Amino acid sequence: MHISEGVLSAPVLISTGAAGAALTVFGFYKMKTEMLAKTALMSSLFFVGSFIHIPVGPTSVHLVLNGLVGAVLGVCAFPAIMVALVLQALMFQFGGFTTLGTNILVMALPALAGYYLFRLGMKTAGKKRWALFFLTGGVPVLLSAVLLSAVLALSGSRLYDTAKAIFLMHIPVIIIEGIVSMYLFNFLNKVYPDFLRTEYEN
Amino acid sequence: MKTKIFIVILTLLSFSTAFAHKLNILAFAENNVLTVNSYFADGTPCRECAFQVFDAEGKVFAEGKLSNDGEFSRNGKLPAEMKIVVDGGMGHRGEQTITSSAETETVNEEPVQSTSVDTAQIRQLIREELSKQTAELKAEIDKGRSHLDMIIAGIGYILGIFGIAMIVKKK
Chain S
56 MHISEGVLSA PVLISTGAAG AALTVFGFYK MKTEMLAKTA LMSSLFFVGS FIHIPVGPTS
116 VHLVLNGLVG AVLGVCAFPA IMVALVLQAL MFQFGGFTTL GTNILVMALP ALAGYYLFRL
176 GMKTAGKKRW ALFFLTGGVP VLLSAVLLSA VLALSGSRLY DTAKAIFLMH IPVIIIEGIV
236 SMYLFNFLNK VYPDFLRTEY EN
Chain L
37 MKTKIFIVIL TLLSFSTAFA HKLNILAFAE NNVLTVNSYF ADGTPCRECA FQVFDAEGKV
97 FAEGKLSNDG EFSRNGKLPA EMKIVVDGGM GHRGEQTITS SAETETVNEE PVQSTSVDTA
157 QIRQLIREEL SKQTAELKAE IDKGRSHLDM IIAGIGYILG IFGIAMIVKK K
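Residue numbers (our numbering), protein chains in the order written: chain S, 56 to 257; chain L, 37 to 207.
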């Protein structure tokens, strides 16, 4: 999911970078002081998630966990993911600084979908809730794959081949994150419902 | 039942701290032979990845696909300075600039006139062998290195950054 330096063309880099930066500032501006501790926690989770690899065929993919981050944080997912991505770029040359805004957009924008699916799940009960919690984890990864394909295609890579590779590689990630999110949120809802109550906005 | 499922999921994940997504390039240009070897940081070769070699003026000197082992080699006249770019697909890209050791060329072409051994030549040869070996050694270390300490440091940084943010916001 992390785009390296020098892959993207300048117009794509500038437009997505600006959008990513603007949304991060917006997210930080919207953040309540009480949300800071939670944001730090989810940011660490995202940071570590990228080092957990799932072997797929000859290579491997890593977890994205943007669904979990988005479900708990809402708009605050932008600053959380930004901080984690800066450190990954700084310490591990993972992604890059010029592509930082693009990477934020690709991973944090779908996190909002996770937030809405999760809110929807909290309103329902029973099997429907389980299904929605599964989607909370899975759908954002799918949307990130769509955004990643689109961004790469706009920079001149062949859309069909790129998109196919990205989707096939991320099917296991979608399933695993869905299952993790399904059990995690049901568990948290039972033992620590306060954690999931997000009135993050000012 | 639930715990069993969790254990299965956890064992399915490989908790390696290697990063399959940093693309490393190991390249040598010696005696007019260019060798390129590209691998992801966890050691898996960049199979059939597209690559390009540019010379100092930015013109494409060679391009194509790496072999199934992530390798490429070429004999013949080489530019003095080369930039190698490997595209790992899905937004992964590696870049490396190398200079070809032109000095060996002259050393090899010179007919050996005296039996006395030139120390400069020996020094040159040893330096080349060593640089090659240390580069290989570095790649080997890269492949097996655990970055657990750095990951923990990263978590520390995140908590620190948000701690500072909290102080700023409280004011």
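Accuracy of the hints is not assured; some may be wrong.
What the hints assert, rightly or not - Straight-line Cα separation of at most 27 Å, BS3-like style, residue types lysine-lysine; simulated pairs:
no.: 1; chain 1: L; residue 1: Lys205; chain 2: S; residue 2: Lys87
no.: 2; chain 1: S; residue 1: Lys87; chain 2: L; residue 2: Lys58
no.: 3; chain 1: L; residue 1: Lys113; chain 2: S; residue 2: Lys93
no.: 4; chain 1: S; residue 1: Lys93; chain 2: L; residue 2: Lys168
no.: 5; chain 1: L; residue 1: Lys205; chain 2: S; residue 2: Lys85
no.: 6; chain 1: L; residue 1: Lys95; chain 2: S; residue 2: Lys87
These aren't lab readings, by the way, just hints derived from the structure by calculation. Keep in mind that this is a model prediction, so the values were computed, not measured.
Verification of the supplied hints:
1. Distance restraint check for lysine 205 of chain L and lysine 87 of chain S: the Cα-Cα separation of roughly 9 Å lies within the 27 Å cut-off, and the hinted pair is therefore satisfied.
2. In summary, the hint linking lysine 87 of chain S to lysine 58 of chain L is not supported, as the alpha carbons are separated by about 36 Å, beyond the 27 Å threshold.
3. The straight-line distance between the Cα atoms of lysine 113 of chain L and lysine 93 of chain S is roughly 59 Å, outside the 27 Å bound, and the hint therefore fails.
4. Proximity of lysine 93 of chain S to lysine 168 of chain L is assessed by CA-CA distance (about 48 Å); at most 27 Å being required, the pair is judged violated.
5. A distance of roughly 12 Å separates the Cα atoms of lysine 205 of chain L and lysine 85 of chain S; the hinted pair therefore holds under the 27 Å criterion.
6. In summary, the hint linking lysine 95 of chain L to lysine 87 of chain S is not supported, as the alpha carbons are separated by about 53 Å, beyond the 27 Å threshold.
Hints 2, 3, 4 and 6 from the list above are not met by this structure, while the remaining hints are.
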